[in-house]
Structure formats: C-alpha cells, structure tokens
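**Student:** Sequence:
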Amino acid sequence: MDLIATKHGPVTLVSGLPKTFDYTVCPDFQRCLAPHIETAPRTLVIDLSGVEFLDSSAIGSLITVRNRLLPEGGSVALCSIADGVAKVLRITDLGKVFAIFDDADAALAALNA
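Using UniProt numbering, the first residue of the sequence shown is number 1, and each one after it goes up by one.
Hint data in this document are derived by calculation from the structure and do not stem from the laboratory. Please note that a few of the clues may not be correct.
Unchecked claim - If you anchor each label on the Cβ, the simulated ranges turn out as follows:
#1 THR39 <-> ASP83: 31 to 37 Å
#2 ASP2 <-> SER57: 15 to 21 Å
#3 GLU52 <-> ALA99: 31 to 37 Å
#4 ALA106 <-> GLY73: 18 to 24 Å
#5 GLN30 <-> GLY50: 14 to 20 Å
#6 HIS8 <-> ASP93: 25 to 31 Å
We put the CB at the ideal spot given by N, CA and C, even for glycine.
Work the whole structure out from these sequences, hints included.
**Tutor:** Below is the structure:
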C-alpha cells in the first residue's frame with residue numbers, strides 16, 4: 001500500500017487508501033502509519049476519498065490508531081467519506097469516536113485553527 005502522508009502544521013494528512021479497505025489491507029495500513037503515530041504531530045486526518053468499502057477489520061484498524069494516539073494527546077479525524085462508507089460509520093455510531101469532515105481542506109482548516 002502506498003499511503004501518502006503530508007504534514008500541515010500540527011496535522012498529518014494521510015491519503016492513498018485503496019477502494020476496498022478490508023482485512024487484507026489492515027496490516028499494511030498499520031505498518032504504514034506506525035512512523036506517524038510515534039512522532040509528532042500526532043493529529044491524523046485520514047482521507048477516505050478513494051474508499052468505497054470498509055469492513056469491521058478496517059474499522060478496528062482506525063480505532064486502534066486512535067487508541068494509540070489518544071494517551072499522547074493525539075487524535076484521528078476522517079474526511080471525504082463516500083455515501084456507503086458514511087452509512088457504515090453512522091450505523092456503528094463512529095461519529096462519536098472520530099471527528100468527521102466533508103473534505104481534507106475543511107479538516108485541515110478546523111484542526112490547524
């Protein structure tokens with residue numbers, strides 16, 4: 001997986017997730033994010049613009065990343081979510097766990113304020 005991580009002040013924007021974000025992708029996702037979890041800045045915005053499907057393993061991976069950042073004062077936000085993925089996030093009530101933004105620009109503006 002070729003995730004792209006770009007720093008924007010105190011926030012790192014992560015993009016490049018595949019169309020299908022499932023159990024086959026999760027180990028690579030965790031491995032690719034590890035350096036960004038271990039170093040500052042520890043606020044991640046994960047751009048889901050290319051993702052059309054995510055399974056419970058993907059949700060678990062997102063929560064794992066969040067839980068690793070939380071004790072250090074970090075956080076994870078999600079942006080650019082397709083309708084099908086948004087429905088899964090609504091059903092699982094993850095809007096209470098992650099800040100959700102319409103797009104990367106909105107997320108970066110809010111989190112860099």
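**Student:** If a hint holds in the structure, say so; if it does not, say that too.
**Tutor:** Outcome of the hint check:
With their beta carbons about 34 Å apart, THR39 and ASP83 fall inside the hinted range of 31 to 37 Å. The hint said 15 to 21 Å for the Cβ distance between ASP2 and SER57, and at roughly 20 Å that hint holds. The given range of 31 to 37 Å is broken by GLU52 and ALA99, whose C-beta atoms sit roughly 22 Å from each other. In this structure the hint that ALA106 and GLY73 lie 18 to 24 Å apart at CB holds, the actual value being about 22 Å.
The given range of 14 to 20 Å is respected by GLN30 and GLY50, whose C-beta atoms sit roughly 18 Å from each other. About 28 Å separates the C-beta atoms of HIS8 and ASP93, a value consistent with the hinted range of 25 to 31 Å.
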